[in-house]
Structure formats: structure tokens, C-alpha cells
Amino acid sequence: MSTLRIQKLNVSVDGTMILKDVDLVVNGGETHAIMGPNGTGKSTLASAVMGHPKYTIESGTITLDDLDLTDLPVDERSRAGIFLAMQNPVEVPGVTNFDFVKTAVQARMPADKKLRIGKFILEFEDAAAKLKMGSGLAHRYLNEGFSGGEKKRNEILQMQILKPKIAFLDEIDSGLDVDALKIVGEAVTAMKSPDLGMVLITHYERLLDYIVPDFVHIMIKGRIVKTGGRELIRKIDSEGYDWLKAELGIDDFDERKKPAALGTCATKVAGK
Amino acid sequence: MAALRTGIRFTFGAKPQREPAAIVLSGACTDPIAIRFKSAHPSKVRCFLLPSATSAWTMAIETDERAAAVLEFYLIGTADRVVLERSVRVSAGASIQLSTLFLNGGKTSVNDRASIMGEGGTLRSETLGVLSGEDSVEAVQTVRHAAPRSVSDLVNSLVASDASQIVFDVTGAIQKGNAGSRCKQQNRGVLLGEKASIEVSPKLLIDEYDVEAGHGCAIGRINADELFYLSSRGLDPMTAKRLVVSGYTAPYVQRIDDPALRRLVETTLLSKIGGAS
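Chains as they are written, first to last, in our numbering: chain A, 1 to 272; chain B, 1 to 277.
Rather than coming from a laboratory, the hints here were simulated on the basis of the structure. Ideal Cβ positions, reconstructed from N, Cα and C, are used throughout, including at glycine. A hint or two may mislead.
Unchecked claim - A partial selection of chain B residues facing chain A, derived with a Cβ cut-off under 8 Å:
1. Arg144
2. Ala179
3. Asp225
4. Glu226
5. Phe228
6. Tyr229
7. Gly234
8. Leu235
9. Asp236
10. Thr239
11. Leu243
12. Ser246
13. Gly247
14. Tyr248
15. Ala250
Given only the sequences and the hints, what does the whole structure look like? Please build it.
Here's what the structure looks like:
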């Protein structure tokens, strides 16, 4: 069982602080949900843990068991056991889905071991069938021409095959219709085990009908302002986030959007 | 194009082939080369061009009516300068599929002129250029539709690493009176080196209403999001770049059914992109 530990994490983008003193501990077997209004820093947290170069860690640490990930490159974080199911998976024309996943599996194998291709093909086909992705998936180019739902399911397929220790699922419910959401939800729930800790990032509660979290964190303005259980989901669903803003004294004024003067009117003062 | 009166002549398609025919041309060749495809049987020909210091080849490729031909060109080796001139003439009902792999080093200049002279004639041309070091390829490709319901489909896949330079000038022309014709061009390229450049000028000259014509061109570097996505699955930067490049090269490599030739092409490609940065 692995443990991801995020301590006092401060992250900026282009000089603007997005995450402020974020603390989070995720153990294997646990499912965490991070909820919050749009633009509050939820996806930034996932990308920063994965090591996206756009995000600068100003201070704080990210560790997986005894390994400090904070300064590791993206590929090493992945091989260490971190996975990010992305909100907008990129398309890579010419590279087949099968070749990509195979290369990713090989990247995490010891140099003296060889992939048993027959076994791998069966595993790939089985995972694709469970996600109802169709038999031609292996030979389609990576995410090219995929519908929104297919892209999200493809992320989950990769997660199933790569078997990470900690997985961030960044809004995997967006772009999914009700049936696809059920398929993805059931596939993710089936993966729950002491070997996998999950962090679901969403601002809709409907995903959490299918993947039941153990902990719910609410992020507002780059801070985790409240942590609780499933009861928080119901409250957010019925009342939104205003009650929490009121309770914690958070106003909606965004200090990043300072009003600017466009100019002054040519006011003529009487008598002058 | 007038038939060649002198030079080296090859004829295929008169008898059935059990396996692809091979033409190997090494060094300079001052005589023009004529390749003719007859219609009795489908033909597949591999043409290996192995240049030395300065090499120039002139080729005239012709099909009889209703001939079906596959013609693969492999340019392999290093030379100071290579000049390749090819004219292709497609007759009525004939189809020719050209595949050209520029795997050579040095400076290469190509002038391809294709004419579809007969109704329903089809030309498909796929070109892969993978360059490294200070190598260069300058290519002019022209397809002229001179018959109704003629079809041309050009695909150029280009990879430039280090300080290599690729320039492609691609023109498709449908002349008046050739209704029902289709003329397509697709050009894509990836830059792997800071000093590398790819310049493609696709052009369509259409003088008839009832036709289908289109061209596309996408050239760029591997973008940061693409690299992040691949890295997030555990691929180190070099493996990620090789995988992206394989998206350009794999369709060509996978078609080679001869294991020894396939290994040669794979090894050559790897040597060219292996050190790409």
C-alpha cells in the first residue's frame, strides 16, 4: 500500500499563485474527491503532482512513500506510480493506441525483461471490451477522431493496464453521456484495491454516484477549505458552494482581476 | 512525354510475378531509364537508388491502359549531390502507386512530373523524407489531370532533425474538360532540430467545375502538451519523440513485406532520428 503526501504545496502559473498551502494525504485503497467551483485550482493540483512544466512549484513537497517527487521529471513520476487521467487527452496522429500503451508498459519494465506480447494483447482487448470500446481500438491512432467519451474511456483503459499506485482522474465525467458514465464509473470502481489510491476531480456530483469516495475535499481559491465525507456531496448538490463561502467568510472578489482604468472622461466642470 | 529512343528499358506486367522485381541503380547513370507497365498482370517493382559522390537519374515511367502497378523507390546512402527527375504518364483505366523513401544523406534535388492522360487513370504517391545533419531535399511535384474522372492522391510525410532542410513545392492541376476528377494533396511534417526547417507550398490549379480537389499542410514541432501526455505515461523524452516520429514512418515501414529490407529501413531511420534533439 502506497501513500502520496502533499505538504504545504504552493503552485504558480506565469507568476500567479494558484495553489496555496495545499495539504493532502492519499493512501492506497482510499478514494478522495476534490470538488469546487470552476477555476479554483483542482486541475492545477493534478497537473502539478504529475509534473506539468507549465506549473511552478514555489514551495512545499510531494512524496510517494519515501520518494520525493517534487523535482522529478514527468516520466519518472509516472514510472514511480503516479497516473493522471486527463481532462483533454491530446491526439497523436500516426501512433496507434496499441503501440502507445505497449511502449508505456515497456517503459516501466526492467531492462532485462521482455514484454510477453500475446499476454499483453489479451489484456488490452479484455480492458477495451470491458469499457465497451470496440474491437478496432488497438489500431486507431491515439485519441485521433475519438469522441469525448471515447477519449475518457481510453484514459481509464491506460490506467487499467499501467496499474498506477496513485491516480488522479481529472473531470473524467465531462463529455460522457449517462451510459458511458456508468461504464466508466463501474470500471473505475472495479479497480479499487489497497494497491491503488484515487483522487477524483469533479464539480458534478453525478460521477460520485458511481465511484463512491471515502473523503471529500472542497477547494476554493486554491485552498482545500473543508474536508469531510459523502454528506458534503449532497449538501453541495442541493446548496452549491455559497453556504461554505459564507461560513468561512470567503468573498467572490478575485484579487487577480483588479479593475483597471481605461481612461478618463473629458468632464467639463461648470464655471471653469 | 515522347517515348525514349535510347537508354535503359524495363518492362513489367507482361508475365505474372511471383515476387516483387528489383532494380538497383548505383552511382551516376547518364542514360535515361524507361520503366513501362503492361496491363496483362499487376506488377510490383522496388527500385533501389544508391548514389555515389554526384548522381543524377532521369526516369520515364509509363503505364499501358488498365495496367496496375506498384513502384517503390528507396534512396539509400550518402552522396554530395543527388538529382532525380521522374516523369510519370498514366493511361486510361490504369493505376500506379508510387512510394518514395528519402533515406539518403547529402543534398537531393527531385523533379517529379506526372500526367494522367487517360480517363479513369489513378496516381497515388506517398513520400517519406527523414533527414538529419545538414542534409537537404528540394522537391518539385506536379500532377496534371488531362483526362476526365482521373484521380491523384499525394501524401508527403517529412521529418527534419538537426539542421536539415526540406522544401516541397506541390502542384495539382485539373485542366478544363476533365470533369469528375479528384486531386488531393496531404503534407505533414515534424521538426526535431532547432535549426531544421520544412517548407511546403501546396497549390491547386483547377479549371473545371465538377471536380473534387483539396490540399492540407501541417508542419510543426512536437508541442509541449503532446510531450507531457506521452511522458505522463512513463515515456522518457527521447522515447516520446521517437514514438511521435514513428507516426510518420510506421505506415511506410509496415508495408515492407521483405524482412531484410524492412530491417535495413528501420535501422536507417533509427540512425537518423536516434540522436534527434
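Comparing the hints with the structure gives:
1. Arg144: 30 Å, violated
2. Ala179: 31 Å, violated
3. Asp225: With Cβ-Cβ at 5 Å, under 8 Å, it holds.
4. Glu226: Holds. Min distance 5 Å.
5. Phe228: 6 Å, holds
6. Tyr229: Check passed: Cβ of Tyr229(B) comes within 5 Å of chain A, closer than 8 Å.
7. Gly234: For Gly234(B), the interface hint holds, since the closest Cβ of chain A sits about 4 Å away, which is under 8 Å.
8. Leu235: 5 Å, holds
9. Asp236: At about 5 Å, which falls below the 8 Å cut-off, the nearest Cβ of chain A leaves the hint on Asp236(B) intact, so it holds.
10. Thr239: Where the cut-off is 8 Å and the nearest Cβ of chain A is about 6 Å from Thr239(B), the hint holds.
11. Leu243: 6 Å, holds
12. Ser246: The hint holds - Ser246(B) has a Cβ within 8 Å of chain A, the shortest such distance being about 6 Å.
13. Gly247: 2 Å, holds
14. Tyr248: 6 Å, holds
15. Ala250: With a minimum Cβ separation of about 7 Å from chain A (threshold 8 Å), the hint on Ala250(B) holds.
Checked against the numbered hints listed earlier, the structure breaks hints 1, 2; every other hint is satisfied.
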